[in-house]
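K.L.:
Listed below are the residues making up each chain.
2 protein chains.
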Amino acid sequence: MRILNLDLGERSYPIYIDTNTLGQPELLTKHIHSKQVLIVTNETIAPLYLAKLEKLLVDYSVETVILPDGEQYKTLEAVSTIIDTLLEKRFNRNATLIALGGGVIGDIGGFAAACYQRGIAFIQVPTTLLAQVDSSVGGKTGVNHILGKNMIGAFYQPQCVIIDIDVLKTLDDRQFSAGLAEVIKYGLIRDKEFFEWLEQNLDLLINRDNDALAFAIEQSCINKATVVAEDEKESGVRATLNLGHTFGHAIETGAGYGTFLHGEAIAIGTCQAADLSRRMGWLNDDDVARIINLFKRANLPVKPPADLSAESFLELMSVDKKNIDGGIRLILLKAIGSATLAMTIEQKYLLETLYEYGRN
Amino acid sequence: MRILNLDLGERSYPIYIDTNTLGQPELLTKHIHSKQVLIVTNETIAPLYLAKLEKLLVDYSVETVILPDGEQYKTLEAVSTIIDTLLEKRFNRNATLIALGGGVIGDIGGFAAACYQRGIAFIQVPTTLLAQVDSSVGGKTGVNHILGKNMIGAFYQPQCVIIDIDVLKTLDDRQFSAGLAEVIKYGLIRDKEFFEWLEQNLDLLINRDNDALAFAIEQSCINKATVVAEDEKESGVRATLNLGHTFGHAIETGAGYGTFLHGEAIAIGTCQAADLSRRMGWLNDDDVARIINLFKRANLPVKPPADLSAESFLELMSVDKKNIDGGIRLILLKAIGSATLAMTIEQKYLLETLYEYGRN
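Respectively, the protein sequence lines represent chains V and A. Mapped onto our numbering, the consecutive letters of the first sequence carry residue numbers 1 to 360. Mapped onto our numbering, the consecutive letters of the second sequence carry residue numbers 1 to 360.
Just so you know, the hints here were simulated from the structure itself, not pulled from any lab data. Any given hint might turn out to be false.
[What the hints assert, rightly or not] Below, simulated EDC-like cross-link-like pairs (lysine to aspartate or glutamate); rule was C-alpha separation at most 20 Å, straight line:
id, chain 1, residue 1, chain 2, residue 2
1, V, K233, A, E26
2, A, K30, A, D7
3, A, K89, V, E315
4, A, K348, A, E311
5, V, K334, V, D287
6, V, K55, V, E26
7, V, K296, V, E311
8, V, K30, V, D59
9, V, K334, V, E232
10, V, K192, V, D286
11, A, K233, V, E10
12, A, K192, A, D203
13, A, K52, A, D203
14, V, K89, A, E315
15, V, K348, V, D285
16, V, K89, A, D69
17, A, K169, A, D209
18, A, K89, V, E311
[As the list claims (entries may be wrong)] Label pairs and their in silico Cβ distance ranges:
id, chain 1, residue 1, chain 2, residue 2, range
19, V, R90, A, D203, 31 to 39 Å
20, A, D172, V, E77, 48 to 56 Å
21, A, P47, V, N360, 55 to 63 Å
22, V, K89, A, L48, 51 to 59 Å
23, A, E10, V, K334, 28 to 36 Å
24, A, S235, V, D285, 53 to 61 Å
25, A, E315, V, E54, 45 to 53 Å
26, A, E10, V, E77, 49 to 57 Å
27, V, N210, A, P68, 55 to 63 Å
28, A, D84, V, P68, 21 to 29 Å
29, V, E77, A, N94, 44 to 52 Å
[As the list claims (entries may be wrong)] Stretch by stretch, here's where chain V covers chain A in the computed footprint (C-beta under 8 Å, at least three residues):
id, stretch
30, 208-222
31, 250-258
Cβ coordinates follow ideal geometry from the N, Cα and C atoms, glycine included.
Could you put together the complete structure from these sequences and hints?
P.N.:
So, in structure tokens, the structure goes:
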């Protein structure tokens, strides 16, 4: 078993990565400190893994909330549904909430845990590749608002993250590819060696080879944990994890939540960020081609939707969280393996990217 | 000017107590670090103090949300209203939210600030005695659920608390008395000398003598700040601040939010806690009489509503946050000036208090 530690002082926690972690009750139960456990999951995951998780919890008083599946349900109403259940079932503040699902379930469940009685314990059991390599690690929780993604939320760290590689066997191809977008991101922003490993081993990953998956998940989590430990509340370097996300959030919001998977939108957004980095003089044509090519090999879209105009992008990007006092700040690439927060982007280059990239 | 510091490491902040603090722009502006400011207030306070506050902020881009007045509006919907405005007006994560009002406004505004983009700066400008001595200090924010008070919230500290004693001039008598309930609480739980000062000076307070008010507010805030600094997240001693609150929350929820003011319910609840402390053998008849008498002199109710049965109390008390794994835990008094978290309350005594206290 690979065990990583996210070092956040008194809020530190382990990330367990292995096959069959859901067959090991003590991994879970040593992090639960009361009888009451609420499992939050969705309609897709419940038939697959809920019984397996419940089997680990026979000695506990377990309740379950099953939400509909999809980013469009990542709303304050979903959080209310969970809190209604917690109250109706008289959960006290020592209770534990387990989020069993992908990024949406982790974000909703984590935020509900953060808010209920001003904070109860929670545990992440991510069931998508994207959640395993990104959203379950680092304590960002929250829900969407019709005017912007993740606009309502909290920084709230789990007790532990339990990653079972076996669950990726049932993940559909589209979801799996979406997860690869965030894996590729780590290589791009801070780990050139990993990016090159991905170029060489992407086919193994696509074929869901266990060893390749374990390595890619571990490297992703190491990169994520290192960045989060340095900057938990995103006042500096953590922002580099948002490579492609300002473009990507605009795509998700503009196209309507649920049209694109988060990872798909991030793939497109990262290609846009790479194009803009080239216009800024930081990447060369070959770098951009390598990036686009790797996303394509991962079966990810690389062009923005034709009906989302440059004007819509500008409008949507200006409400993104990463923007301070009106100016647009973006994470761009100085090189493959090196991201930077660009504060003074020449408007001309941004407009060129929006008007030209992927428009033909 | 009296300036207290709430010592919470990197989350430390000052509490300013004086007359005319709302005439001193720099007190406020030195804690604001961006152009965008949202003032959250209510329909009662806005006509009285909103213009005065806005005058301090002429150099800022100020928006306002005016909520209806009352505990019954302390809901997730009110938080949504604030977040809608923040997004519609494109507030970024460097923005500051100012809560101008009583405890309800501070709790709602603070929770909205905690959640918006996972946390923006906020400042408390409490306008009721209760908010000045209690709810504005210590970082508890949140809203009510139909099944329980403050069930949805966050621990989220402000940048500063600005207490202007002059605003108490416009506070109606009922609200003023409600604030005195929490002032008396500090004497009861940890400051016998202050309790005795209150017995001697209550008439000065009732007449809103500035010096007496400044002293009582300062002593209350010192007591609160000391307890919070020791136990920010309420894993221990902070629970003693909840003297009377488990009974009180049951009264508020049972009677319907808005029927009793929070301080009124706490006065009754504290008398119930005193009665139970006597049955436990900790207070004598004279202690209980002194406590009830002081609340009466502060024009506060001391008996539970006749239509709230002992059975309803039990039902409502069991969902209170202070209860762990089914057992009822209550803050009781070992003596005047000394509170304790009673974990093993004899059911018999609790029932006697519920069936007998104030029922004749």
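K.L.:
Next, verify each hint and record whether it holds.
P.N.:
Hints and how they fare:
With a CA separation close to 28 Å, the supplied pair K233 (chain V) and E26 (chain A) exceeds the 20 Å bound. Taking the CA atoms of K30 (chain A) and D7 (chain A), the gap is near 19 Å; set against the 20 Å cutoff, the hint holds. Distance hint between K89 (chain A) and E315 (chain V) is fulfilled; the C-alpha atoms sit about 13 Å from each other, no more than 20 Å. Taken as a hint, the K348 (chain A) and E311 (chain A) pair is honoured in the structure, with Cα atoms around 14 Å apart against an allowance of 20 Å.
As the CA atoms of K334 (chain V) and D287 (chain V) are separated by approximately 11 Å, the hinted pair is consistent with the 20 Å bound. Our distance criterion of 20 Å between C-alpha atoms is met by K55 (chain V) and E26 (chain V), whose separation comes to about 12 Å. As the CA atoms of K296 (chain V) and E311 (chain V) are separated by approximately 26 Å, the hinted pair breaks the 20 Å bound. About 13 Å separates the Cα atoms of K30 (chain V) and D59 (chain V), which keeps this hinted pair within 20 Å; it holds.
With a C-alpha separation of about 23 Å, the suggested pairing of K334 (chain V) with E232 (chain V) is violated against the 20 Å cut-off. As the CA atoms of K192 (chain V) and D286 (chain V) are separated by approximately 15 Å, the hinted pair is consistent with the 20 Å bound. At most 20 Å may separate the alpha-carbon atoms for a hinted pair to count; K233 (chain A) and E10 (chain V) meet this at roughly 13 Å. The hinted pair formed by K192 (chain A) and D203 (chain A) meets the criterion: a straight-line CA distance of about 18 Å does not exceed 20 Å.
A distance of roughly 30 Å separates the Cα atoms of K52 (chain A) and D203 (chain A); the hinted pair therefore is violated under the 20 Å criterion. Restraint check for K89 (chain V) and E315 (chain A): satisfied, since their Cα atoms lie roughly 13 Å apart, inside the 20 Å limit. A hinted pair counts as satisfied when its Cα atoms are at most 20 Å apart, and K348 (chain V) with D285 (chain V) qualifies at roughly 19 Å. For the proposed pair K89 (chain V) and D69 (chain A), the alpha carbon gap of about 31 Å is over 20 Å, so the pair is violated.
For the given pair, K169 (chain A) sits about 10 Å from D209 (chain A) by alpha-carbon distance, which is consistent with the 20 Å threshold. Proposed proximity of K89 (chain A) and E311 (chain V) is supported: the alpha carbons are some 19 Å apart, at most 20 Å. The hint said 31 to 39 Å for the Cβ distance between R90 (chain V) and D203 (chain A), and at roughly 44 Å that hint is violated. A hinted range of 48 to 56 Å for the beta carbons of D172 (chain A) and E77 (chain V) is inconsistent with their spacing of about 37 Å.
For P47 (chain A) and N360 (chain V), the hinted distance range of 55 to 63 Å is satisfied, since their beta carbons lie about 59 Å from each other. A hinted range of 51 to 59 Å is violated for the C-beta pair K89 (chain V) and L48 (chain A), which are about 43 Å apart. Separation of E10 (chain A) from K334 (chain V) is about 31 Å and conforms to the stated range, judged on CB atoms against 28 to 36 Å. At about 57 Å, the beta-carbon gap between S235 (chain A) and D285 (chain V) stays in the expected band of 53 to 61 Å.
Look at E315 (chain A) against E54 (chain V): about 29 Å separates their beta carbons, and that is not inside 45 to 53 Å. For E10 (chain A) and E77 (chain V), the hinted distance range of 49 to 57 Å is not satisfied, since their beta carbons lie about 34 Å from each other. For the hinted restraint 55 to 63 Å between N210 (chain V) and P68 (chain A), the CB-CB distance of approximately 58 Å keeps it satisfied. Our hint of 21 to 29 Å for D84 (chain A) and P68 (chain V) holds, since their Cβ atoms are close to 23 Å apart.
The supplied range of 44 to 52 Å is broken by E77 (chain V) and N94 (chain A), whose beta-carbon atoms lie about 29 Å from each other. With 0 residues bearing a CB less than 8 Å from a CB of chain V, the stretch 208-222 of chain A misses the requirement of three and the coverage assertion fails. For the stretch 250-258 of chain A, the assignment as covered by chain V is violated, since 0 residues bring a beta-carbon within under 8 Å of that chain's beta-carbons and 3 are needed.
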